[in-house]
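Chains as they are written, first to last, in this note's numbering: chain A, 4 to 433; chain B, 4 to 433.
Hints were generated in silico from the structure; no laboratory data involved. No experiment lies behind these values; they were computed from the predicted model shown. Where a beta carbon is used, it is the ideal one built from N, C-alpha and C, also for glycine. Don't take every hint at face value.
DSSO-like mimics (lysine-lysine), calculated; alpha carbons at most 27 Å apart, straight line [as the list claims (entries may be wrong)]: (1) A:285 / B:324; (2) B:324 / A:284; (3) B:377 / B:25; (4) B:324 / B:284.
Beyond 10 Å from chain A on every Cβ pair, some chain B residues (computed) [claimed, not checked]: (5) 27; (6) 69; (7) 87; (8) 266; (9) 321; (10) 392.
Protein chains: 2
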Amino acid sequence: MATLDQASYEQLQQQEAQLSQKFQQLQQQQLDLDLTRGKPSAAQLDLSKELDGILNGDYRDSGGADLRNYGGLDGIAEAKQLFSTLAGVKNTEILIGGNSSLTLMYFCAQIALERGLTTDRTPWRQDQRAVKFLAPVPGYDRHFSLCQHLGIELIPVAMNDAGPDMEQVESLLHADPDIKGIWCVPRFSNPSGIVYCDDVVQRIAKLSKIAGPNFLVFWDNAYAVHSLEEGAPPLANIMDYCRNEGTEDSVLIFGSTSKITLAGAGVAYVAGSPGNLEELKKHLGFMSIGPDKMNQLRHVRFLRDAGTIAAHMQKHAAIMKPRFDAVLQALQSSLGNLGLGEWTEPRGGYFISFDSRPGLAREIVSLAAQLGVKLTPAGATFPGGNDPRDCNIRLAPTYPSVEDINKAMEVFVTCVKLASVRQQLNTPTN
Amino acid sequence: MATLDQASYEQLQQQEAQLSQKFQQLQQQQLDLDLTRGKPSAAQLDLSKELDGILNGDYRDSGGADLRNYGGLDGIAEAKQLFSTLAGVKNTEILIGGNSSLTLMYFCAQIALERGLTTDRTPWRQDQRAVKFLAPVPGYDRHFSLCQHLGIELIPVAMNDAGPDMEQVESLLHADPDIKGIWCVPRFSNPSGIVYCDDVVQRIAKLSKIAGPNFLVFWDNAYAVHSLEEGAPPLANIMDYCRNEGTEDSVLIFGSTSKITLAGAGVAYVAGSPGNLEELKKHLGFMSIGPDKMNQLRHVRFLRDAGTIAAHMQKHAAIMKPRFDAVLQALQSSLGNLGLGEWTEPRGGYFISFDSRPGLAREIVSLAAQLGVKLTPAGATFPGGNDPRDCNIRLAPTYPSVEDINKAMEVFVTCVKLASVRQQLNTPTN
Numbered sequence: 004m005a006t007l008d009q010a011s012y013e014q015l016q017q018q019e020a021q022l023s024q025k026f027q028q029l030q031q032q033q034l035d036l037d038l039t040r041g042k043p044s045a046a047q048l049d050l051s052k053e054l055d056g057i058l059n060g061d062y063r064d065s066g067g068a069d070l071r072n073y074g075g076l077d078g079i080a081e082a083k084q085l086f087s088t089l090a091g092v093k094n095t096e097i098l099i100g101g102n103s104s105l106t107l108m109y110f111c112a113q114i115a116l117e118r119g120l121t122t123d124r125t126p127w128r129q130d131q132r133a134v135k136f137l138a139p140v141p142g143y144d145r146h147f148s149l150c151q152h153l154g155i156e157l158i159p160v161a162m163n164d165a166g167p168d169m170e171q172v173e174s175l176l177h178a179d180p181d182i183k184g185i186w187c188v189p190r191f192s193n194p195s196g197i198v199y200c201d202d203v204v205q206r207i208a209k210l211s212k213i214a215g216p217n218f219l220v221f222w223d224n225a226y227a228v229h230s231l232e233e234g235a236p237p238l239a240n241i242m243d244y245c246r247n248e249g250t251e252d253s254v255l256i257f258g259s260t261s262k263i264t265l266a267g268a269g270v271a272y273v274a275g276s277p278g279n280l281e282e283l284k285k286h287l288g289f290m291s292i293g294p295d296k297m298n299q300l301r302h303v304r305f306l307r308d309a310g311t312i313a314a315h316m317q318k319h320a321a322i323m324k325p326r327f328d329a330v331l332q333a334l335q336s337s338l339g340n341l342g343l344g345e346w347t348e349p350r351g352g353y354f355i356s357f358d359s360r361p362g363l364a365r366e367i368v369s370l371a372a373q374l375g376v377k378l379t380p381a382g383a384t385f386p387g388g389n390d391p392r393d394c395n396i397r398l399a400p401t402y403p404s405v406e407d408i409n410k411a412m413e414v415f416v417t418c419v420k421l422a423s424v425r426q427q428l429n430t431p432t433n
Numbered sequence: 004m005a006t007l008d009q010a011s012y013e014q015l016q017q018q019e020a021q022l023s024q025k026f027q028q029l030q031q032q033q034l035d036l037d038l039t040r041g042k043p044s045a046a047q048l049d050l051s052k053e054l055d056g057i058l059n060g061d062y063r064d065s066g067g068a069d070l071r072n073y074g075g076l077d078g079i080a081e082a083k084q085l086f087s088t089l090a091g092v093k094n095t096e097i098l099i100g101g102n103s104s105l106t107l108m109y110f111c112a113q114i115a116l117e118r119g120l121t122t123d124r125t126p127w128r129q130d131q132r133a134v135k136f137l138a139p140v141p142g143y144d145r146h147f148s149l150c151q152h153l154g155i156e157l158i159p160v161a162m163n164d165a166g167p168d169m170e171q172v173e174s175l176l177h178a179d180p181d182i183k184g185i186w187c188v189p190r191f192s193n194p195s196g197i198v199y200c201d202d203v204v205q206r207i208a209k210l211s212k213i214a215g216p217n218f219l220v221f222w223d224n225a226y227a228v229h230s231l232e233e234g235a236p237p238l239a240n241i242m243d244y245c246r247n248e249g250t251e252d253s254v255l256i257f258g259s260t261s262k263i264t265l266a267g268a269g270v271a272y273v274a275g276s277p278g279n280l281e282e283l284k285k286h287l288g289f290m291s292i293g294p295d296k297m298n299q300l301r302h303v304r305f306l307r308d309a310g311t312i313a314a315h316m317q318k319h320a321a322i323m324k325p326r327f328d329a330v331l332q333a334l335q336s337s338l339g340n341l342g343l344g345e346w347t348e349p350r351g352g353y354f355i356s357f358d359s360r361p362g363l364a365r366e367i368v369s370l371a372a373q374l375g376v377k378l379t380p381a382g383a384t385f386p387g388g389n390d391p392r393d394c395n396i397r398l399a400p401t402y403p404s405v406e407d408i409n410k411a412m413e414v415f416v417t418c419v420k421l422a423s424v425r426q427q428l429n430t431p432t433n
C-alpha cells in the first residue's frame, strides 16, 4: 500500500475496494473480541492464588492486636510500612484504605472541594466560583468523570513524551486562580504509557507556589511497579522534591494493588503530608468504621517487601509482554511508514495509545465494532468524551490471549486503513 | 441498703462512708477493664475461621464469571440472593457493598441530601432550609455523628419498649416539613435492646405519607439475626408493609456481617426499592470501581443460607449469653428493688441500657474510670452527647470475659450506689 497522499484517485478507489472486500471477509468470521479495558488476564490473577488461606489462623499484627476486630481508621502498621516504600514516602505519610483507590480520590477531592483538606483548609468551592482541574490528555476517563460528578471543570493540557506540557500548565495556573488541581498518572501514563521525566516531576512539585496553598496534585501512581521489561524508566520521587520546596501539602499520591494482586479485591492507599492525612482521617471517621484489615494483612503476608513485589511483577511482565508485542508488531508490520497513525511503545503499564489521522477515531472504533472487536470508545481519553481532533484510540491488550489479539489487530489495522482511504477519497483535492 | 428516699441523713452518711471505703478497696485493685464498645470477643471471631482459605482455587460465580477481575458495582448475584433473604426483600432490591454499612449509610444520606435519592429525586437540602432527622433516644452515636457531619439537625424522640413513640414521631412530622428522615435500629435496638412491635413497623412504613415523597427511613437492622436465645421476638418485615402502602421508596434497609463473621472485615448491604438502588448506583459508579467481590464470595461460601446463618448465630449466642447474664445478675443482685436505676433485659443485640437516677450518669462513668473501668461516655447515646436527664449509660458486655465482667460490674454497682447516696445527701430535703 502506497502512502495515501501520493496515491491517485484510481489507486485510492482500488485500495478502498480491496479493503472493503477484506472487511467483508472479516465480518464473516463473527468475532467477539474486546480490547477495551485494562483488565489483568486470568494467568496474571493466578499469580496471587496464595492470598486465599495465607492467614493460616494468625490474625495478629506485630503489636499483638487481633486484626479481626474493630479498630483503626488508617490501616495496619505493616501495610503502612510496605506501601510507604512503594509510594516513596515515610510510613507516617500514608493511609491504607479499602479496595478502591478511586474511592480515596473521590473522598479527597470532595473534602478538598467542600471542607478544605490541605493545611491551608480553604475549601476549593467558595463564593459560587468555578472550580477547575487540569487534565493532561489523553488521560483516564474515571478521573474525568469523578470531577464532572463533583462539578469540577476540566481544562485539557497537552501531554508529550516527558509528561504534561509544563509551559502550558504553569501559564494556565498563572492566568486562572480557580484551577485547584491536576490529574497525573506519572509512570506508564494511562493511556500513552510515557513516564514523567525528572524535570517535569520537579516542576509539578512547585505548582502550589503558583496556584496557592490549597492546590492539590492528584498523583495517581497506578502503575508504579508495572514495568514490562528491565531497564524501564524510573520515576522521580515527587515527595522528595516537595520536601525540598516545602510543598508537601500540595500532593496526594494514590495507588493500589488492583493490578498487582486481584483487580477490585486489592488494597488501596493514599500518601501525603501528615497534616493532610490528619484532616482526611477527621472526615473519614464519620463515613466508615475503617478499612478491611484482614485483606491488608493478607496482602502484607503475600507481598512482604519491595523485593518480593519486584519479583512478583516480573511474573506479570512475562505474561503481558507478548501481548503488547503482538499489538506493536501488528501496528508496525501493517501500518509502519504509511502515515496512517502514530502509536506509543510503552515499557510498562496497561495501554498503548494510538493516534489515527485527525477525524477518524470514531469511524475506526465504529468499523471495528461491526467486525465484533470492541475498542475503548473514541474520545474516552478526553474530558467529556470530546477528543477535539478525533484521533486517539486506547488499546488495552492485557486481557485477551495473544491469539485473540492477533485476530483483533488484523481487524484494527484493516479498519484504520479503510477509514483512512475513504477519508482521502472524500477530501476536496481528489 | 435501704431505699434512699426512706433513709435518714445519718443512715445516708453511714452508707456513703461504707461505699467510699469499698471504692478505695476497688481502687487498689488497679483494674483495667473496658465495657465501652460493641465488639465481638475472640471466641466469637474464631467461629469464622473457615473464611480464610474457603475459596480453594474456585473464584467463579454460578454464571461462570471470574470474580477476581474488575466488574460489577452492586455485588455478586449469590450475595444478593443470600442477604436479600436476611433483609426480607427481593434479590432485585439489594446492593452488596464493602465492609462498612456505615459507609453505605453515609453515601445514601449524602446523595439524598445533595442530589436526591428517592424516585421523587428532590434533594433534601433546598433553598438553604434546615434538614432534620428524627433520632429515637437513646440511640447509636455513629448515626448521630454522621448527620452532624452532613449538617443534618437531629430531633430526639422518645423510645419505649415497643420502639419510637409513634404519636410523637407523627406529630413532629405533621408540624415540620424539614424533617427528612428517621434513624431506626429496629431489632435489639442500640442500646436498649428492644424490638420494634408490628404496629410500630407498620406506622413507620406509612411515614412518607405524612412527611412527603423524599422522606427516608434509615432502617439499620444491624442485629437482624443476633438473638441471645430461642423465642426472642421477631421483627415484622417493613418492606412488606411498604408494599401494602405503596411506600417502597421511603425505606433503606442496612445490615452487615460485621457481627456475624469478622468485625470490620465483613460484607455490608443496603436494600431498597429498585428505583432507589438504581439512583444510588448511578452515583456510586463515580466513586468506586465496585466492592471487593472476593470477600463477598468468601461470605457466601461460608454463610450459605438462612439456616446455616441461624445455626452460626446460635454459636455466637452461646458465647454471649453468659456475659449478658453476668451483667444482669450483678444489676439485679446489687441494685434490684433499690430504686437506684432501671435497665433493659435484651434478648439479643450487643448492649444493655442502664438509666441511673437523673443527673448521675456522668458522675458514675467518671467514678468507674477512676477505678479502671471504662464505660461508654455518658450522653453518647444522645445527639450531640447531650442526655438532658444525664441518666443513660450503655453497657457493652460482649468483649470481656465473664470473670472480667463480674469485676467490672462490682465496680459499676458500687459507683451507682456511691453517686446516688451522695446525690441524696446533697438534696435540699436532707
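Hint check:
no. : hint          : result
1   : A:285 / B:324 : violated, 36 Å
2   : B:324 / A:284 : violated, 36 Å
3   : B:377 / B:25  : holds, 18 Å
4   : B:324 / B:284 : violated, 40 Å
5   : 27            : holds, 33 Å
6   : 69            : violated, 6 Å
7   : 87            : holds, 22 Å
8   : 266           : violated, 5 Å
9   : 321           : holds, 19 Å
10  : 392           : holds, 27 Å
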